[in-house]
Amino acid sequence: MRLWRRQEGGDRAAGGGVKVVDLRVRYGGFTAVDGVSFEIAEGEVLGLVGESGSGKSSVGRALAGLVPYEGEVRGGARTQMVFQDPYGSLNPRLRIGAAVTEGLGSGLSREERAREAGRLLETVGLAADLVGRYPRELSGGQRQRVALARALGARPGLLIADEITSALDASVQGAVLNLVRDLRDSLGLAVLFVSHDLAVVRYVCDRVAVLREGRIVECGTVDQVTGSPGHEYTKALLEAVPRLK
Amino acid sequence: MRRSPAARCGAVLVALTLVLAVLGPWVWGAEAARFDPMHTLEGHSSAHWLGTDDGGRDMLARTLAATRLSVLLAALATALGAVLGVTLGALPSVLGERAARFVTAVVNGMTAIPVLLLAMFAALVAGTGTAGAVVGIGVASAPGLARLTRTLAAGVESADYVAAARMLGTGRVRVLTRHILPNIAEPLILSVTAALGYALLGMATLSLLGLGVQPPDYDWGRLLHDALPRVYVDPEVIAGPALAVAVAGIGFTLVGESLARAAARTPVPPGAGKGAELPLGPASRPGLSSASEAVLEVRDLTVFFGGVTPVRGVSFTVASGEVVGIVGESGSGKSLTALAVGGLVPYPGRVRGDVLLEGKPLGELSRKELGTRLAMVFQDPLSALNPALRVGTQLAETATVHLGMTRREARARAVARLERTGVAAERVSSFPHELSGGMRQRAVIAMGLMGDPRLIVADEPTTALDTTVQRKVLDLLGEVVRDTGAGAVLISHDIAVVSSRCDRVLVMYAGRVVEEVPADRLRKARHPYTRALVASIPDLGTDRSLPLASIPGAQPVPSAVGEGCAFADRCGFADEVCLRETPALVGGVACHHPSGEGAVGASKEGSRDGRGEVAAEGSGG
Numbered sequence: 001m002r003l004w005r006r007q008e009g010g011d012r013a014a015g016g017g018v019k020v021v022d023l024r025v026r027y028g029g030f031t032a033v034d035g036v037s038f039e040i041a042e043g044e045v046l047g048l049v050g051e052s053g054s055g056k057s058s059v060g061r062a063l064a065g066l067v068p069y070e071g072e073v074r075g076g077a078r079t080q081m082v083f084q085d086p087y088g089s090l091n092p093r094l095r096i097g098a099a100v101t102e103g104l105g106s107g108l109s110r111e112e113r114a115r116e117a118g119r120l121l122e123t124v125g126l127a128a129d130l131v132g133r134y135p136r137e138l139s140g141g142q143r144q145r146v147a148l149a150r151a152l153g154a155r156p157g158l159l160i161a162d163e164i165t166s167a168l169d170a171s172v173q174g175a176v177l178n179l180v181r182d183l184r185d186s187l188g189l190a191v192l193f194v195s196h197d198l199a200v201v202r203y204v205c206d207r208v209a210v211l212r213e214g215r216i217v218e219c220g221t222v223d224q225v226t227g228s229p230g231h232e233y234t235k236a237l238l239e240a241v242p243r244l245k
Numbered sequence: 246m247r248r249s250p251a252a253r254c255g256a257v258l259v260a261l262t263l264v265l266a267v268l269g270p271w272v273w274g275a276e277a278a279r280f281d282p283m284h285t286l287e288g289h290s291s292a293h294w295l296g297t298d299d300g301g302r303d304m305l306a307r308t309l310a311a312t313r314l315s316v317l318l319a320a321l322a323t324a325l326g327a328v329l330g331v332t333l334g335a336l337p338s339v340l341g342e343r344a345a346r347f348v349t350a351v352v353n354g355m356t357a358i359p360v361l362l363l364a365m366f367a368a369l370v371a372g373t374g375t376a377g378a379v380v381g382i383g384v385a386s387a388p389g390l391a392r393l394t395r396t397l398a399a400g401v402e403s404a405d406y407v408a409a410a411r412m413l414g415t416g417r418v419r420v421l422t423r424h425i426l427p428n429i430a431e432p433l434i435l436s437v438t439a440a441l442g443y444a445l446l447g448m449a450t451l452s453l454l455g456l457g458v459q460p461p462d463y464d465w466g467r468l469l470h471d472a473l474p475r476v477y478v479d480p481e482v483i484a485g486p487a488l489a490v491a492v493a494g495i496g497f498t499l500v501g502e503s504l505a506r507a508a509a510r511t512p513v514p515p516g517a518g519k520g521a522e523l524p525l526g527p528a529s530r531p532g533l534s535s536a537s538e539a540v541l542e543v544r545d546l547t548v549f550f551g552g553v554t555p556v557r558g559v560s561f562t563v564a565s566g567e568v569v570g571i572v573g574e575s576g577s578g579k580s581l582t583a584l585a586v587g588g589l590v591p592y593p594g595r596v597r598g599d600v601l602l603e604g605k606p607l608g609e610l611s612r613k614e615l616g617t618r619l620a621m622v623f624q625d626p627l628s629a630l631n632p633a634l635r636v637g638t639q640l641a642e643t644a645t646v647h648l649g650m651t652r653r654e655a656r657a658r659a660v661a662r663l664e665r666t667g668v669a670a671e672r673v674s675s676f677p678h679e680l681s682g683g684m685r686q687r688a689v690i691a692m693g694l695m696g697d698p699r700l701i702v703a704d705e706p707t708t709a710l711d712t713t714v715q716r717k718v719l720d721l722l723g724e725v726v727r728d729t730g731a732g733a734v735l736i737s738h739d740i741a742v743v744s745s746r747c748d749r750v751l752v753m754y755a756g757r758v759v760e761e762v763p764a765d766r767l768r769k770a771r772h773p774y775t776r777a778l779v780a781s782i783p784d785l786g787t788d789r790s791l792p793l794a795s796i797p798g799a800q801p802v803p804s805a806v807g808e809g810c811a812f813a814d815r816c817g818f819a820d821e822v823c824l825r826e827t828p829a830l831v832g833g834v835a836c837h838h839p840s841g842e843g844a845v846g847a848s849k850e851g852s853r854d855g856r857g858e859v860a861a862e863g864s865g866g
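The listed protein sequences correspond, in order, to chains A and B.
Position 58 of the first sequence, counting from 1, maps to 58 under our numbering, and the rest follow consecutively.
One gets our numbering by counting positions in the second sequence from 1 and adding 245 to each.
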């Protein structure tokens, strides 16, 4: 397992946003991502849509430094990722306060840490007094907010959201999606929003890239892609979105 | 917590051993060391129940006095083994890739060496005597613990929170101490407890072989060693130390293993034991048989698990050719309702109420009738198919077992049904893993069609599938219902899926049906929960300039559902009546303040931070 290698790539000074050129991810002989290029500006949410096996999660994991890749990644300093499963992404033995301050480094005093934990929790719409709780005491939606807060603690130049609402119940999904949009607006966050659900992507994202078999088949603004799709595959995906009668 | 006899027995033996370990040398120490040249090498007598040794010392007193040293040495050896093993097993987590692989390989190689051989080798290297034996047993128990540590650590390392920690720049050692070790500590401690029993046996073995404790010290193994030559003359002289080793060894092993079992057991849900008195099976009440066209009639279905009631008085009917949807969030009881309809509620769940399939109570149907009249489709087609059997063989089984067909007829029918569900005929000899997810689900539906199903129950049949595949599988379900005239229950968390495929929709919340509504009237639903649910799901027409609606709070867990409306604390319309009285399902809605037709759209009120109120505008109705 090569979880460790982290390619910082390019100029760290660029702050937010990322430019990806010809990204490739291989697992043994299998090419999961086959030459993907895109750009995400500061304060922009790019949706990455595709079906299972399209390579969308591999793109996210590569940018987060969790899988080795080839290609050029400029910017994206301190890239952070929020995962699909809110139950697997928090250490069950760690209090919420300790979890969200994990990325702050060791230079802070105990009080600064506590203050920062409270501030981060409030940023994601949680009460600051949750710091003393354990993950098991929180609902799925709250945990997903904690995972977001933890990622924000590292002041990421790029945030990767990998299917962050697909394990959540419908009634709390909306709140998490609203939060992603709010964070983009208030923090100028660059977000790569990976999802299989075009309706969700349409709601959250500014631009969308449609991924199929490791390649981007269509990329454009949300209105273009969902309103007048250019590629047959995109049309098929849109057709398949279940609709309320 | 209730303990098993094995656990209780182990606890008693361990307690006895520990008491003896503390008291033994004080009470019997002097007696055990007293030389008596007049009575050497004697057998059983009233003065010496278990005889005497070559110094005329009492064997019983020596056995009891030896408890402390025996247990102490075993504990030392175990501690050494635990430190060595856990260190070795945790090492790969902090090493580079290549070194980690090397250490893992060494550990795996060492587990292949027989434990006693390793112990003797280590004891010889470390030198004969007490210290040597402790080192030997400690070293010998290390590989097993190292391997366990490695396996557990590898499991935790793949968790998302470890990936998150690495992205945040947390160092390897810190990841180990902060994330990995705390999460594997519990099973490790349990294994160490069990290892104590083995160490006790191991120490006794080494001493018996003369490699362990040397005179004038003595432990049980040493006593055995000294008495062994006399075993055919005075067998009672070895009874004391032999029994002691057995009792203590078995005690520690039993306690360790029952602790491990108790930890592995899923916890009993909170609130268990409240008001449980309903051990009834699906009863048939005379005079209730349905006269209607309903293929399925469910009346007052209630499912209990201990004192928890995840399904509370659910009633609905499904007519021939009708697709009824059940929608709800996780924990709403929708899947248990499906299982109860199939008679599949897992132990120790209990079912009360009536489930009538074509007017006949479920309990009165033979397995054959159930196997051919009812088809179930679950979320994971892989678990519904036997991975070791070819798809065609599995399908044919239904026909040979339940319909009495010959194998040839059954196979022909299997091919026909697979083709009917869009699986190519040549796939009949494929194994399940060779099919894609969508094809597998088609094969499961084909399996349901092997009989002559009057009811198809599909529980999240497309949740694991891609949307394009989902659409085709749902199309297929619709076609099957239309062609066969069977009724269907389609269960999903996705209200859009349910609404697009069903005639009628039941909305479940906290174990109850809170609303029953024609699918095309979902947008005009009357229950605040349904309205909020509909509003919270973005579709391709959602206004992007507005925040999405969401419902504050969370659905109560089954054990926390009490009197009153379960949705009350998340509902903008709730008042005292809602908190006090559980609303009945009247006119398709179970709500004290259902919305009238006029108030449609009111629940579009959003909540930007997830803490706002739902449907803040007038309550209508």
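Treat the hints with caution; some may be incorrect.
Claimed, not checked - Taking lysine to any residue and the SDA-like style, the derived pairs with C-alpha atoms no more than 20 Å apart in a straight line are: (1) A:LYS235 - B:GLY552; (2) B:LYS613 - B:LEU584; (3) A:LYS235 - B:GLY786; (4) B:LYS717 - A:TYR233; (5) B:LYS769 - B:ASP784; (6) A:LYS245 - B:LEU584; (7) A:LYS245 - B:GLU724; (8) A:LYS235 - B:ASP697; (9) B:LYS717 - B:GLU761; (10) A:LYS245 - B:ASP739; (11) A:LYS245 - B:ASP697; (12) B:LYS605 - B:ASP697.
What the hints assert, rightly or not - Interface residues of chain B toward chain A, partial, derived using beta-carbon atoms under 10 Å: (13) ASN428; (14) PRO432; (15) THR438; (16) VAL742.
Please keep in mind that the hints were generated in silico from the structure rather than gathered at the bench.
All figures in this text were calculated on a predicted structure; none of them were measured in a lab.
Ideal Cβ positions, reconstructed from N, Cα and C, are used throughout, including at glycine.
Which of the listed hints are broken here? Going through the list in order, the structure violates hints 1, 6, 8, 9, 11, 14 and 15 and respects the others.
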